[in-house]
Amino acid sequence: VQGDYHLHVRGEKRTKIYGNDVTEVISDRKTVIKGSDDLKVGGESYLNVSGDRQVVIKGEKSETVTKKVTHLYFSSLATVTGGNNTTISVGNIDISALMNLGLSSVLNYDRTTLGLSTTTVTGPVFQTYLSAKTTATTGIDLNMASLYQVAAGQILLN
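Just so we're aligned, residue 955 is where the sequence shown starts under the working numbering, counting upward by one.
Careful: at least some of the hints might be erroneous.
Listed below are the simulated BS3-like cross-link pairs for lysine-lysine, each with C-alpha atoms no more than 25 angstroms apart in a straight line [claimed, not checked]:
id : residue 1 : residue 2
1  : LYS970    : LYS994
2  : LYS994    : LYS984
3  : LYS988    : LYS967
4  : LYS994    : LYS1021
5  : LYS994    : LYS1022
6  : LYS970    : LYS984
7  : LYS988    : LYS1015
8  : LYS988    : LYS970
9  : LYS1015   : LYS994
10 : LYS967    : LYS994
11 : LYS984    : LYS1015
12 : LYS988    : LYS1012
13 : LYS984    : LYS1012
14 : LYS1012   : LYS994
15 : LYS984    : LYS967
Distance ranges between label pairs, derived from CB positions [to be verified]:
id : residue 1 : residue 2 : range
16 : GLY965    : VAL1034   : 43 to 49 angstroms
17 : VAL1019   : ASP992    : 16 to 22 angstroms
18 : ASN1046   : HIS960    : 56 to 62 angstroms
19 : MET1053   : ASP982    : 39 to 45 angstroms
20 : TYR1063   : ILE980    : 53 to 59 angstroms
21 : ASP1048   : ASP975    : 39 to 45 angstroms
22 : SER1043   : GLY1013   : 22 to 28 angstroms
23 : TYR959    : GLU1017   : 34 to 40 angstroms
24 : TYR1063   : SER1016   : 26 to 32 angstroms
Source of the hints: derived by calculation from the structure; they are not laboratory data.
By construction, the Cβ of each residue, glycine as well, lies at the ideal position given by its N, Cα and C atoms.
With these hints in hand, go ahead and build the complete structure from the sequences.
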């Protein structure tokens, strides 16, 4: 067909292809669906975008993946939620940064563990409290730096 091609179907349209179906669009493509869109893929699905991609969902989004998920972002990543954000894992969660890592909260910050809590620092530690600090220990509180000073023959009186 040279020129424009328009197909108007006033009922249902079904196409069954027993081989490959390849469509090449040299310019732009737009699809408008006024009802639901149901896509079933029996094998793998690939989407390759050479430029930017934007997805706008005006309702809720639900995604279920039954196997491993890997996200690779080779630039910055920003995630903003308008409500609460909850992450739950039946296994471990590891957070690491090759540079600095910052955690902040405008209101309260709670950290709770039902098991052992370990903090290991290999460099200097600076703690600044801009208001009162309350420490409550219901078990034994061992300060290893204080034990080292006493063992080395130093006695510090406050």
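Hints and how they fare:
As the CA atoms of LYS970 and LYS994 are separated by approximately 14 angstroms, the hinted pair is consistent with the 25 angstroms bound. For the proposed pair LYS994 and LYS984, the alpha carbon gap of about 20 angstroms is at most 25 angstroms, so the pair holds. Simply put, LYS988 and LYS967 have alpha-carbon atoms about 15 angstroms apart, close enough for the 25 angstroms limit, and the pair holds. For the proposed pair LYS994 and LYS1021, the alpha carbon gap of about 18 angstroms is at most 25 angstroms, so the pair holds.
A hinted pair counts as satisfied when its Cα atoms are at most 25 angstroms apart, and LYS994 with LYS1022 qualifies at roughly 20 angstroms. Our distance criterion of 25 angstroms between C-alpha atoms is met by LYS970 and LYS984, whose separation comes to about 22 angstroms. Proximity of LYS988 to LYS1015 is assessed by CA-CA distance (about 19 angstroms); at most 25 angstroms being required, the pair is judged to hold. Restraint check: the Cα-Cα separation between LYS988 and LYS970 comes to about 22 angstroms, which is no more than 25 angstroms; the hinted pair holds.
With a CA separation close to 18 angstroms, the supplied pair LYS1015 and LYS994 stays within the 25 angstroms bound. Using a Cα cut-off of 25 angstroms, the hinted pair LYS967 and LYS994 holds, with the two alpha carbons roughly 17 angstroms apart. As the CA atoms of LYS984 and LYS1015 are separated by approximately 22 angstroms, the hinted pair is consistent with the 25 angstroms bound. Of the pairs offered as hints, the one joining LYS988 and LYS1012 holds, with about 14 angstroms between alpha carbons and a cut-off of 25 angstroms not exceeded.
The straight-line distance between the Cα atoms of LYS984 and LYS1012 is roughly 19 angstroms, inside the 25 angstroms bound, and the hint therefore holds. Proposed proximity of LYS1012 and LYS994 is supported: the alpha carbons are some 22 angstroms apart, at most 25 angstroms. Between LYS984 and LYS967 the CA atoms are separated by roughly 18 angstroms; this keeps the pair inside 25 angstroms, and the hint holds. Under the hint 43 to 49 angstroms, the C-beta atoms of GLY965 and VAL1034, about 45 angstroms apart, fit the expected range.
Hint check: VAL1019 to ASP992, Cβ distance near 19 angstroms, so the stated range 16 to 22 angstroms holds. Checking the proposed 56 to 62 angstroms range against ASN1046 and HIS960 shows it holds: the Cβ atoms sit about 57 angstroms from each other. A hinted range of 39 to 45 angstroms holds for the C-beta pair MET1053 and ASP982, which are about 41 angstroms apart. Our hint of 53 to 59 angstroms for TYR1063 and ILE980 holds, since their Cβ atoms are close to 55 angstroms apart.
A C-beta distance of roughly 43 angstroms is found between ASP1048 and ASP975, which places it inside the suggested range of 39 to 45 angstroms. Taken as a hint, the range 22 to 28 angstroms holds for the pair SER1043 and GLY1013, whose Cβ atoms sit roughly 27 angstroms apart. For TYR959 and GLU1017, the Cβ-Cβ distance of about 37 angstroms falls inside the hinted range of 34 to 40 angstroms, so the restraint holds. One distance hint, 26 to 32 angstroms for the beta-carbon pair TYR1063 and SER1016, holds here, with the actual separation near 30 angstroms.
Of the numbered hints given earlier, the model fails none.
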